[in-house]
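Spelled out from the first residue to the last, the chains are:
Protein chains: 4
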Amino acid sequence: MAVQQGVPQHSGGMLAGWKFSNFKDGVFAEYFHVNDADMNLAKLPDEIPLPSAVMISDMMTTGFHGAELANIPIGGTVVVIGIGPVGLMAVAGATLRGAGRIFAVGSRPKCVEVAKSYGATDIINYRKGDIVEQILSRNGGQGADSVIIAGGSPQIMISAVKLARPGGTVANINYYGSGDIIPLPRTEWGCGMAHKDIRGGLCPGGRVRAERLIDVVKYHRVDPGRLVTHVFHGFDNMEKALMLMKDKPADLIKPVVLIDG
Amino acid sequence: MAVQQGVPQHSGGMLAGWKFSNFKDGVFAEYFHVNDADMNLAKLPDEIPLPSAVMISDMMTTGFHGAELANIPIGGTVVVIGIGPVGLMAVAGATLRGAGRIFAVGSRPKCVEVAKSYGATDIINYRKGDIVEQILSRNGGQGADSVIIAGGSPQIMISAVKLARPGGTVANINYYGSGDIIPLPRTEWGCGMAHKDIRGGLCPGGRVRAERLIDVVKYHRVDPGRLVTHVFHGFDNMEKALMLMKDKPADLIKPVVLIDG
Amino acid sequence: MAVQQGVPQHSGGMLAGWKFSNFKDGVFAEYFHVNDADMNLAKLPDEIPLPSAVMISDMMTTGFHGAELANIPIGGTVVVIGIGPVGLMAVAGATLRGAGRIFAVGSRPKCVEVAKSYGATDIINYRKGDIVEQILSRNGGQGADSVIIAGGSPQIMISAVKLARPGGTVANINYYGSGDIIPLPRTEWGCGMAHKDIRGGLCPGGRVRAERLIDVVKYHRVDPGRLVTHVFHGFDNMEKALMLMKDKPADLIKPVVLIDG
Amino acid sequence: MAVQQGVPQHSGGMLAGWKFSNFKDGVFAEYFHVNDADMNLAKLPDEIPLPSAVMISDMMTTGFHGAELANIPIGGTVVVIGIGPVGLMAVAGATLRGAGRIFAVGSRPKCVEVAKSYGATDIINYRKGDIVEQILSRNGGQGADSVIIAGGSPQIMISAVKLARPGGTVANINYYGSGDIIPLPRTEWGCGMAHKDIRGGLCPGGRVRAERLIDVVKYHRVDPGRLVTHVFHGFDNMEKALMLMKDKPADLIKPVVLIDG
Chain S
524 MAVQQGVPQH SGGMLAGWKF SNFKDGVFAE YFHVNDADMN LAKLPDEIPL PSAVMISDMM
584 TTGFHGAELA NIPIGGTVVV IGIGPVGLMA VAGATLRGAG RIFAVGSRPK CVEVAKSYGA
644 TDIINYRKGD IVEQILSRNG GQGADSVIIA GGSPQIMISA VKLARPGGTV ANINYYGSGD
704 IIPLPRTEWG CGMAHKDIRG GLCPGGRVRA ERLIDVVKYH RVDPGRLVTH VFHGFDNMEK
764 ALMLMKDKPA DLIKPVVLID G
Chain L
524 MAVQQGVPQH SGGMLAGWKF SNFKDGVFAE YFHVNDADMN LAKLPDEIPL PSAVMISDMM
584 TTGFHGAELA NIPIGGTVVV IGIGPVGLMA VAGATLRGAG RIFAVGSRPK CVEVAKSYGA
644 TDIINYRKGD IVEQILSRNG GQGADSVIIA GGSPQIMISA VKLARPGGTV ANINYYGSGD
704 IIPLPRTEWG CGMAHKDIRG GLCPGGRVRA ERLIDVVKYH RVDPGRLVTH VFHGFDNMEK
764 ALMLMKDKPA DLIKPVVLID G
Chain H
524 MAVQQGVPQH SGGMLAGWKF SNFKDGVFAE YFHVNDADMN LAKLPDEIPL PSAVMISDMM
584 TTGFHGAELA NIPIGGTVVV IGIGPVGLMA VAGATLRGAG RIFAVGSRPK CVEVAKSYGA
644 TDIINYRKGD IVEQILSRNG GQGADSVIIA GGSPQIMISA VKLARPGGTV ANINYYGSGD
704 IIPLPRTEWG CGMAHKDIRG GLCPGGRVRA ERLIDVVKYH RVDPGRLVTH VFHGFDNMEK
764 ALMLMKDKPA DLIKPVVLID G
Chain D
524 MAVQQGVPQH SGGMLAGWKF SNFKDGVFAE YFHVNDADMN LAKLPDEIPL PSAVMISDMM
584 TTGFHGAELA NIPIGGTVVV IGIGPVGLMA VAGATLRGAG RIFAVGSRPK CVEVAKSYGA
644 TDIINYRKGD IVEQILSRNG GQGADSVIIA GGSPQIMISA VKLARPGGTV ANINYYGSGD
704 IIPLPRTEWG CGMAHKDIRG GLCPGGRVRA ERLIDVVKYH RVDPGRLVTH VFHGFDNMEK
764 ALMLMKDKPA DLIKPVVLID G
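These protein sequence lines map, in sequence, to chains S, L, H and D.
Numbering (this note's numbering) for the first sequence: 524 to 784.
Numbering (this note's numbering) for the second sequence: 524 to 784.
Numbering (this note's numbering) for the third sequence: 524 to 784.
Numbering (this note's numbering) for the fourth sequence: 524 to 784.
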């Protein structure tokens, strides 16, 4: 009944939408069984290249969801922590919601270049010192309206809460794979009374969502194609592409495998 | 107490914020008395030219407020009715909130050109037929997620409600100067049950608002300078500029008078 | 796709949910075809009498939806226009959302008695003068935070907008059966800039909604049984009950027909 | 500028509103300096006794704020953790927002009695086993729509997150006085993707708020007088009352000292 509670992502149990594409056998097979597929099928316009299209249904909806959860006011100051493919889409999403200044935290040159093209105004390299100090110092000591977490271990939450102003929002789209807890810093969370909302959620799906994101691409609001740094052809290259994601060479953001005719 | 009810614009009575700048004597004098001025003073960065700066405090905050009231989802379809200076800022505001397709209703060539530069994807000329028919026909018979009214007589509300989908929003930033009523179309408002919200409000002011809009300009999200088609210098040209707004030559969007040193 | 746009009531076209129970043949037959019935079936606890139960699925969800649309702050001042069965549930709904003072507009003694029992603090009789004057005068000249329309012709909207304060909300759950337009008063709607939201929508359905309303009754928050003034038994009395709703005797609020064993 | 960011509680720095009444010298003196007092002064109706009145400005606004932050749907299931005076007002606040079932966690007999009178349907004693197991077991294995934390050490957050359903809200009005972190349970927070919002904030003040809460009492929606178990007279008894709050006898909820003429 999660669909009637406003969170269809969790219909059939918490994270059921995510489990569907991660645990169900055959997701990389030639054919895959999808129930109620019509709820998620949208027509792809000819002008959108296939590599861009596959970015829409995962990276884009996830990164943009970070921006949606983050309650960004027009002209607001935003921090995006992590500029892998999802973080880059969160930067683009923050721009798309009208952010003013956007601090993006990351270090890989290719990702930094794309982050700037998506609207990041300040790049913060965590190797050059504590990111909280770097950002607050550049921002006149003020916290940000919105902080989006798109990477890191559970400890990153401590920095995120410190970076938000009273009344601001921390939005998480990061998957935390290990650890028992995710810590909030007691003092900077105002001993419980700072009005810093902590949110986090699985990306939305569905046909209406897909059609809207397709329009974002079709009308040139955001080009997700910049995420695609490597394109392979044919089923046989699937493994090579997956290994690339594991090895993470310097020029990689996201590989795509096209199963041609 | 309107400030504690969340609508400081109406503090001291409905529309008091607007009356302040329209009814209080001396608004065009060399010096003008402003109470609690500190609540509205923001530092203007050197890189923003003065003509752009004056667009921020009126056209931009008003047009953007239309986009804020309109509940635009990322990738949503938006209609902006009227592309005078406020309507143009509503187009820019809709783009800034992540709209996908944007229908802009207007006809003056200079305004059409700027509307496209701010993100309008379809220009609808009301001289070429009913705007409701033109837009619904182009949009596959579907209503828009959001409709922003930035011009027209009270009758325009009928078209606006017809253009919104069930669950969509009509946002008004137009000043209706005459007539007893503003009509909603009974049938298309679902006999009262269509979930089409009708909203309308005076633009927000204040220092925080000003600083955020300044960031929108400073970080090159939107350039309000395109609205300024005529620049005058010196107090003596005030009347000439005002007459221009009355005469509306074809190449006018907004005149500015600079009171130089 | 309305379900994915957040308004399942309009899935299959505007007001489709309403049309289902009004236009589809056989709604009063012994058996009636319902598609996807499982989405709407909820278990009724033994302790809730059947006449109360049928109030839940129509009067209660509709009246409460008025309170939901009306954005009532805790302790806020609310006006409910119309105290037929839906309006009475709107009074109960306003109390349930934490309203302070509640003005209820009506005149029939039985309805007035039940309105008071549901939380109305002031009864306004429209036969004793203009309701706007009566209410504003009693409320120190201030408009209400929320106005719920649960009865009247389209002209009632004029009074409702006059009764709302700047920043307040008018929520409509009334069905307007005739007329071309529903008028907003131009001046009191702030010439378009008063921040008085005008909303209106078909009641929500679904199993989750039903289960929540059942809990409202089960845990003695609201007793909808007070609406049921006449109970009939057997299919043969259906017509008699319907005629009662047409004739509206003084002691009628709502009749129920039980189709026993 | 926090007032323009929507959180006047933090105007002058995070928690400045709270610091005002805790750190500023003289808060227990015969006279106390309050700046901009007019923003917070409201007229007290004669019919509200003074002991109830002082509950309004602290316990009630805080407890009710928990209910406001908690996004309670009409008929929703709510858990309130802690039933000291603030928690009891959170129970009353949850009832006031239309909750269906309310689980209240506590053990002191006097508090349990008052919790039931304010609308708690199930009392959970933490001395009788893990509260998460007790509540989920009674609630058919389902999490609650809303969880309000009104007591406990930082570890209580782990139980609260476990108790919320996907899409639900945890609202904190508890002051955490020690510890470095407040832990979220990684797995039950959906590895970051459960859509369980974590919120927490200092109570709102201001005249409009005060007037609304006064109406809640005046119109008999909630009687905060039940919190007042001990009444003292005269300045000299201040210390005795404070010691009572430290010693917490079994029959204490809240003491009040009246400084009579």
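By construction, these hints were calculated from the structure, which means they are not laboratory data.
It is possible that part of the hints are untrue.
One copy or two, either will do: identical chains are not told apart, so a pair holds if it fits within one copy or between any two.
To be verified - The calculated lysine to any residue pairs, modelled on SDA-like cross-linking and capped at a C-alpha distance of 25 Å, are:
#1 K542 x M562
#2 K633 x H743
#3 K763 x V550
#4 K633 x G675
#5 K763 x Q665
Keep in mind that this is a model prediction, so the values were computed, not measured.
Query raised in the report: Which of the numbered hints are not met once you compare them with the structure shown?
Result: Violated: hint 5 alone.
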